[in-house]
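Start from the sequences and build out the full structure, keeping to the hints where you can.
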Amino acid sequence: MTTAFKPAVAVDYHFTPEDKQRFTEALASITANPYTAFPAFQLAVRQLIAQERVPHSFVDACRTARARDLVAHPFHFLTNCPIDEGVPPFDFERPVQSKYELKKTFIGEGFLITYAELMGTPSIGYTNVNAGDIVHDIYPQKALYKSQSQKTLLPIGFHKDLANHFVRPDFVNILGMRSHAENEIFTTFVRNSDLLQHLGPDIERILREPNFYTPYDDLTTYNDKDSRLGQAAMHPVVQGAVDFVYFENRTIAYSDEGKEAITRLNEALHALKGRVLMRPGDFVSSSNNTGLHGKDVGEIRDAYQHKIRWSIKTVNVADLEPHRQHYKEYVPGHYAVVNG
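Numbering (the numbering used here), first residue to last: 1 to 340.
Errors might be hidden in some of the hints.
Said to hold, decoys possible - Derived pair list, reagent style PhoX-like, types lysine-lysine, alpha-carbon separation capped at 25 Å:
1. LYS142 <-> LYS295
2. LYS273 <-> LYS104
3. LYS295 <-> LYS307
4. LYS103 <-> LYS20
5. LYS313 <-> LYS103
6. LYS142 <-> LYS103
7. LYS273 <-> LYS328
8. LYS313 <-> LYS142
9. LYS259 <-> LYS273
10. LYS307 <-> LYS142
11. LYS307 <-> LYS103
12. LYS328 <-> LYS295
13. LYS104 <-> LYS20
14. LYS104 <-> LYS307
15. LYS313 <-> LYS20
16. LYS313 <-> LYS295
17. LYS313 <-> LYS259
18. LYS259 <-> LYS307
19. LYS313 <-> LYS328
Just so you know, the hints here were simulated from the structure itself, not pulled from any lab data.
Here's what the structure looks like:
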């Protein structure tokens with residue numbers, strides 16, 4: 001049974017069937033491959049926008065979303081978005097390479113890049129995640145199915161994406177491509193402002209001390225074959241006004257009061273969470289600095305469908321320039337690939 005979002009996360013925009021069809025046809029006209037020729041793909045998306053082939057109501061919705069208060073509204077939820085239909089399941093052992101071989105249309109990718117363009121949030125890649133692809137998959141992989149990564153079959157704790165990486169994205173954008181309604185796999189959300197209010201000033205004070213450690217994420221370290229990243233630094237959990245640098249069950253404390261604060265934080269996360277069963281065409285943009293997200297896994301009634309559940313995602317920044325010293329590939333005003 002689908003569980004609705006709590007009031008903090010409501011459906012912000014729904015594509016009508018007519019708008020979805022027209023937008024899908026426009027995206028299908030792009031011939032460039034985003035995995036082998038991303039600059040050309042991005043240019044084609046920009047041309048669609050300039051030619052006004054993107055639904056006007058969607059453009060207006062994104063304009064409104066750009067102006068929202070991210071502390072109060074960290075999540076932007078859209079439904080009935082354009083996606084690729086009829087894509088075969090990917091190989092469980094090598095899903096990324098399998099995708100390159102099997103996926104011949106790039107409608108979902110086009111939607112993600114259109115959204116990034118309309119929101120003014122450039123997409124970035126990481127050399128240790130799918131070799132720097134700008135768009136990548138949330139899809140199980142045999143070697144990582146027990147990990148805390150986008151390749152797992154297991155629940156994923158609440159987290160800020162790339163929580164302790166030297167380049168942390170400002171937004172995480174996820175588009176549902178394939179799911180099974182009878183499998184209880186929920187995407188979970190909590191507003192950071194609600195967490196702080198729930199925890200109170202004493203716990204917040206402890207969480208603001210630099211006595212915590214979060215290892216680099218599993219997917220980054222899995223692909224860091226020459227161990228260039230070294231060890232992540234100690235850090236406070238709460239930074240700035242409402243930013244949580246945290247990964248549930250991975251972030252650890254080095255003091256007794258810190259350990260108690262982590263326990264209280266985890267309790268608060270699950271007391272406050274909203275969750276949804278993402279359907280094909282559902283999309284959520286999460287503000288990585290003002291909200292946390294994760295994944296709950298309940299009853300699985302179809303194990304095969306669990307293994308082929310699929311979403312695609314991008315991670316995005318408000319501004320490319322502040323991170324330029326960390327880029328392996330950088331096209332100002334367009335995109336970047338982080339060297340790590």
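Checked hints:
1. Distance check on the hinted pair: LYS142 and LYS295 sit about 18 Å apart at the alpha-carbon level, within 25 Å; holds.
2. Pair hint LYS273 plus LYS104 does not hold up; C-alpha atoms about 37 Å apart against a cutoff of 25 Å.
3. Restraint check for LYS295 and LYS307: satisfied, since their Cα atoms lie roughly 15 Å apart, inside the 25 Å limit.
4. Among the hinted pairs, LYS103 with LYS20 is consistent with the structure: their alpha-carbon atoms are about 20 Å apart, no more than 25 Å.
5. Restraint check for LYS313 and LYS103: the C-alpha separation of about 16 Å stays at or below 25 Å, so the hint holds.
6. With a CA separation close to 20 Å, the supplied pair LYS142 and LYS103 stays within the 25 Å bound.
7. Restraint check: the Cα-Cα separation between LYS273 and LYS328 comes to about 37 Å, which exceeds 25 Å; the hinted pair is violated.
8. Of the pairs offered as hints, the one joining LYS313 and LYS142 holds, with about 20 Å between alpha carbons and a cut-off of 25 Å not exceeded.
9. The suggested pairing of LYS259 with LYS273 holds, with an alpha-carbon distance near 21 Å, which does not exceed 25 Å.
10. Of the pairs offered as hints, the one joining LYS307 and LYS142 holds, with about 9 Å between alpha carbons and a cut-off of 25 Å not exceeded.
11. Under the criterion of a C-alpha separation no larger than 25 Å, the hint pairing LYS307 with LYS103 is consistent with the structure, at around 18 Å.
12. About 31 Å separates the Cα atoms of LYS328 and LYS295, which puts this hinted pair outside 25 Å; it is violated.
13. The suggested pairing of LYS104 with LYS20 holds, with an alpha-carbon distance near 20 Å, which does not exceed 25 Å.
14. With a C-alpha separation of about 21 Å, the suggested pair LYS104 and LYS307 falls inside the 25 Å cut-off, and the hint holds.
15. For the hint pairing LYS313 with LYS20, the CA-to-CA distance comes to about 19 Å; that is within 25 Å, so the pair holds.
16. Simply put, LYS313 and LYS295 have alpha-carbon atoms about 15 Å apart, close enough for the 25 Å limit, and the pair holds.
17. The straight-line distance between the Cα atoms of LYS313 and LYS259 is roughly 33 Å, outside the 25 Å bound, and the hint therefore fails.
18. Taking the CA atoms of LYS259 and LYS307, the gap is near 35 Å; set against the 25 Å cutoff, the hint is violated.
19. Taking the CA atoms of LYS313 and LYS328, the gap is near 21 Å; set against the 25 Å cutoff, the hint holds.
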